[in-house]
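Participant: If you read the protein sequences in the order shown, they are chains E and Z.
Residues 7 to 119, numbered by this note's numbering, are exactly what the first sequence covers, in order.
Residues 4 to 114, numbered by this note's numbering, are exactly what the second sequence covers, in order.
Keep in mind that the hints were calculated from the coordinates and are not lab data.
Yeah, the Cβ is synthetic: ideal placement off N, Cα and C, and Gly gets one too.
Careful: at least some of the hints might be erroneous.
To be verified - Negatives, chain E to chain Z, calculated, CB over 12 angstroms:
1. V30
2. E50
3. S64
4. D69
5. S87
6. S104
As the list claims (entries may be wrong) - Only some residues are given here: those of chain E computed to face chain Z with a beta carbon under 10 angstroms:
7. Q17
8. F71
9. S106
10. H109
Claimed, not checked - Restraint ranges, calculated between C-beta atoms of paired labels, are given here:
11. Z:A20 <-> E:S61: 27 to 35 angstroms
12. Z:N56 <-> E:S106: 32 to 40 angstroms
13. E:K84 <-> Z:Y54: 47 to 55 angstroms
14. Z:R31 <-> E:D102: 36 to 44 angstroms
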Amino acid sequence: EPEVTQTPSHQVTQMGQEVILRCVPISNHLYFYWYRQILGQKVEFLVSFYNNEISEKSEIFDDQFSVERPDGSNFTLKIRSTKLEDSAMYFCASSDNSYSPLHFGNGTRLTVT
Amino acid sequence: QKEVEQNSGPLSVPEGAIASLNCTYSDRGSQSFFWYRQYSGKSPELIMFIYSNGDKEDGRFTAQLNKASQYVSLLIRDSQPSDSATYLCAVTSSNDYKLSFGAGTTVTVRA
Chain E
7 EPEVTQTPSH QVTQMGQEVI LRCVPISNHL YFYWYRQILG QKVEFLVSFY NNEISEKSEI
67 FDDQFSVERP DGSNFTLKIR STKLEDSAMY FCASSDNSYS PLHFGNGTRL TVT
Chain Z
4 QKEVEQNSGP LSVPEGAIAS LNCTYSDRGS QSFFWYRQYS GKSPELIMFI YSNGDKEDGR
64 FTAQLNKASQ YVSLLIRDSQ PSDSATYLCA VTSSNDYKLS FGAGTTVTVR A
């Protein structure tokens with residue numbers, strides 16, 4: 007069964023550094039998402055992406071965050087200057103239309119020290 | 004603010020019993036409803052989805068939707084220890100592509 011893959015599985019970075027989290031969505035899916043989950047808290051929406059542009063973003067997704075689909079297969083989340091509070095599990099997801107179930111990757115655990 | 008509410012639990016049931024999980028949502032125009040299972044430290048895994056009022060059964064799982072009451076539930080029949088996890092209710096908003104999650108209900112199945 008096709009799956010969403012994310013790399014790396016764990017990323018440790020120092021405060022103020024830039025990080026890029028990478029995702030390969032399921033190949034025939036058209037809608038891409040990033041969610042995050044701070045330890046012990048709920049899964050929170052960050053951004054949705056369709057037709058090579060952001061379709062929706064949350065208040066969390068401020069100017070420090072950006073997404074890109076550089077080559078038709080990868081979907082990346084960049085955090086320009088990480089803060090301690092960015093430490094969380096980041097999940098990439100994809101779906102074939104806006105109302106279909108989301109398929110999640112295994113996540114990247116980001117630790118900011 | 005659009006919200007999805009779940010009882011946090013923990014819900015403890017004996018092996019073989021029925022686990023009943025509830026979820027309410029605030030956006031009356033929501034169209035799509037999902038139940039995900041999340042093991043500790045892992046990603047959400049789709050269990051069920053339902054779009055229409057009524058019941059939908061898949062193996063040991065039954066999802067129930069009542070849009071008038073803004074209520075969706077999940078029943079797990081013949082609960083197994085491997086069903087021990089956090090169950091997340093998720094709802095698609097009426098006017099955007101965002102899937103909003105509840106905080107989850109933790110289920111423990113006692114052997």
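Participant: All the hints need checking, so say for each whether the structure fits it.
Facilitator: The hints, checked one at a time:
Here E:V30 stays apart from chain Z, with its beta-carbon at least about 15 angstroms from theirs, past the 12 angstroms limit. Distance check on E:E50: its Cβ comes as close as 8 angstroms (rounded) to a Cβ of chain Z, failing to clear the 12 angstroms threshold; non-interface status is violated. Interface exclusion of E:S64 from chain Z breaks down, the closest Cβ pair being 8 angstroms apart, not more than 12 angstroms. The claim that E:D69 lies off the interface holds: its Cβ sits roughly 20 angstroms from the closest Cβ of chain Z, which is beyond the 12 angstroms cut-off.
For E:S87, the condition that its CB be more than 12 angstroms from all CB atoms of chain Z holds, with the nearest at approximately 25 angstroms. Look at E:S104: its CB is around 5 angstroms from the nearest CB on chain Z, not clear of 12 angstroms, so calling it non-interface is violated. For E:Q17, the interface hint is violated, the least distance from its beta-carbon to any beta-carbon of chain Z being 15 angstroms, above 10 angstroms. About 15 angstroms separates the beta-carbon of E:F71 from the nearest beta-carbon of chain Z, more than 10 angstroms, and the hint is not met.
Taking 10 angstroms as the C-beta cut-off, the interface hint given for E:S106 holds, the closest approach to chain Z being about 8 angstroms. Hint status for E:H109: holds, given a least beta-carbon distance of 7 angstroms to chain Z, under 10 angstroms. Under the hint 27 to 35 angstroms, the C-beta atoms of Z:A20 and E:S61, about 42 angstroms apart, miss the expected range. For Z:N56 paired with E:S106, a C-beta distance near 19 angstroms fails the hint of 32 to 40 angstroms.
Here the CB-CB span from E:K84 to Z:Y54 is close to 35 angstroms, at odds with the stated 47 to 55 angstroms. The hinted range of 36 to 44 angstroms is not satisfied by Z:R31 and E:D102, whose Cβ atoms lie roughly 26 angstroms apart.
Of the hints listed earlier, those the structure fails to meet are numbers 2, 3, 6, 7, 8, 11, 12, 13 and 14, in rising order.
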